[in-house]
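One letter stands for each residue in the lines below.
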Amino acid sequence: MLNYSIKRFVYMLITIWVIITLTFFLMHMIPGDPFTSEKKVPPQIRQNMLAKYHLDKPLIVQYGYYLDNLMHGDLGISLKYLNRTVDDIIKQSAPASFQLGVQSIFLGVVFGLFFGIVAALKRGGGWDYFSMFLAIIGISVPNFIIATLLQLLLASKLKLLPVSGWGSFKYTILPSIALSFATLSIISRMMRTSMLDVIGQDYIKTAKAKGLSQLQIIWKHMVRNAIMPVVTVLGPLFAGIVTGTFVIEQIFSIPGLGKFFVQSIYDEDYSMILGTTIFYSIILVVMMFVVDIAYGLIDPRVRLAKGGK
Amino acid sequence: MVDISKDKFEIVGANVSESQSIVRPSISYWQDAWRRLRKNKVAMASLVFLILLVIMSIIGPHLRPFDYAHQDLFNTNKPFSKVHWFGTDYLGRDLFVRVWMGARVSLFIGVTIALLDAIIGVTYGGIAGYFGGQVDNIMMRIVDILYGIPYLILVILLMVVMGQGLWTIITAMVMTGWVGMARIVRGQVLQLKEQEFVLAAKTLGASPGRIILRHLIPNALGPIIVSMTFDVPNAIFAEAFLSYIGLGIRPPLASWGTLANDATQVLLMYPMQLFIPGFFISITMLAFNMLGDGLRDALDPRLRR
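First to last, the protein sequences are chains A and B.
1 is the number of the first residue of the first sequence in the working numbering; add one for each residue after it.
1 is the number of the first residue of the second sequence in the working numbering; add one for each residue after it.
Quick caveat, the hints were computed from the structure, so don't treat them as lab data.
All of these numbers come straight from a predicted model, not from anything done at the bench.
Treat the hints with care, as some may be off.
What the hints assert, rightly or not - Label-pair ranges, simulated between beta-carbon atoms:
1. K210/A x I22/B: 51 to 57 Å
2. Q195/B x L13/A: 36 to 42 Å
3. V161/B x L50/A: 18 to 24 Å
The beta-carbon is built from N, C-alpha and C at its ideal position, and this holds for glycine as well.
Just need the whole structure built from these sequences, with the hints factored in.
Right, here's the structure in full:
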């Protein structure tokens, strides 16, 4: 297990390094420099400005500076918002995105598991059809359509919740629901299939024969065994949630990181693009790593197989 | 006992060749798979829908006498009518024509990406799986690293560098997308290459290229096709997503994502304009996913008895 974790950790570091390098060189392939669009300045001043940001040095030296700064957690200064560092902007906008992400993952996982379990237990019943219907909607309707429909129905027509913006808890309800839909549907589908597998096993019969209560059988014998395959998809699902925030934050005009990321592309704010890309990638890659390790820890079969080697 | 005279019986003799001949025609793997697929009503309905969609994307824009980019500012935001079957958008462009032009773009992106992913992934995975050992080790480590790069971030980065457009989306999606296919093909090839027919081909002096192309890939085609069917909706979805946040293809070219994006501006007044592209995206995603499920059931050899 330790060997496996170390190996995965090294891959994670290499992946992050590849992303940083790729992003850096891609951004510098763009013609012109950040001051091209500024007002005409005397060549000496321009030279000084370039020198301040080390832009007059060869690319590889700039890369060295960038890596060095990155190690200190310094992502540079935004070109659009004067005198604001990218670190600052990320620090201010990340909490909103983080809250949205955590809430929707929670919603998606809890309700996904619930619907999956109930559907499998009441196979062929109303709950089964309902949860499979939800799952089909979740995989086929894009979240931006769901988000707009929710906005239109619950906020604009029925006026139950605010249309957009960010403030108290009620502002977070609609975006969280819209964002959690895909997660919910994938998890409920997987949970249902894997529960049905488990229900047919002999040890469930044994548990029944022993006279365990229904609740104990479901919780200790069915769910615990059925949940394993579901854990493996959590990594990619987190990635989906994180990228999903781009569009959801746009729709509900939430001042989160996703909105800044998209906006920085419109603004051609290169240091912001660079900073947010790297920030996002690191979060994603680290989360994938955590899920991988968690899976290894939870499933005794994986733990033994890896340890035995 | 009733008396039965012997002359009622006749010795016909044993016709050896006839008794051993195969009565029913033998069924190939593909015929068998097709037979299974045909029984799956949902998958067949999806297939029919997708064929209709392809036909409509070819002839649809020519059914009405409007150009997809033609703006008619006197007839903006019209509801459904005999002239404009799906109404018009905020610039007076005919939505019926634009929906089918959008279908063209969306399907083109989906199919191109799936094909390119397959070509690169199959070649890469085939080579890694066949040669094994150190070659495999190095090639798959590269795949592991690429697998961790979130595709959307790469798409957005390339957009900034290469400019927005169809081919930027395709390039970026293929750069990250082929990795999944390579993994699947490698796994298949690893299993297949130990089988006798590969040994036979080797003994006959077939080159590695020939063995991979003629012997291994055809036997791994089932999982490859299934994976391609799931690649198409993912690509369509990604394009719609990017177009919706305004980073997709450039107007006046339409895709379902840009149509949905255009519709948000007038959403409160004319929600129909969002429902139409939304409906087509959803039902196409659904059809590809259902067809993919059906194909997986039909082609998966583990389910064959």
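Cross-check of the supplied hints:
Distance hint for K210/A and I22/B: a CB-CB separation of about 53 Å, consistent with the stated range 51 to 57 Å. Remark: the range hint 36 to 42 Å for Q195/B to L13/A is upheld by a beta-carbon distance near 39 Å. V161/B and L50/A have their C-beta atoms about 21 Å apart, which keeps the hinted 18 to 24 Å range intact.
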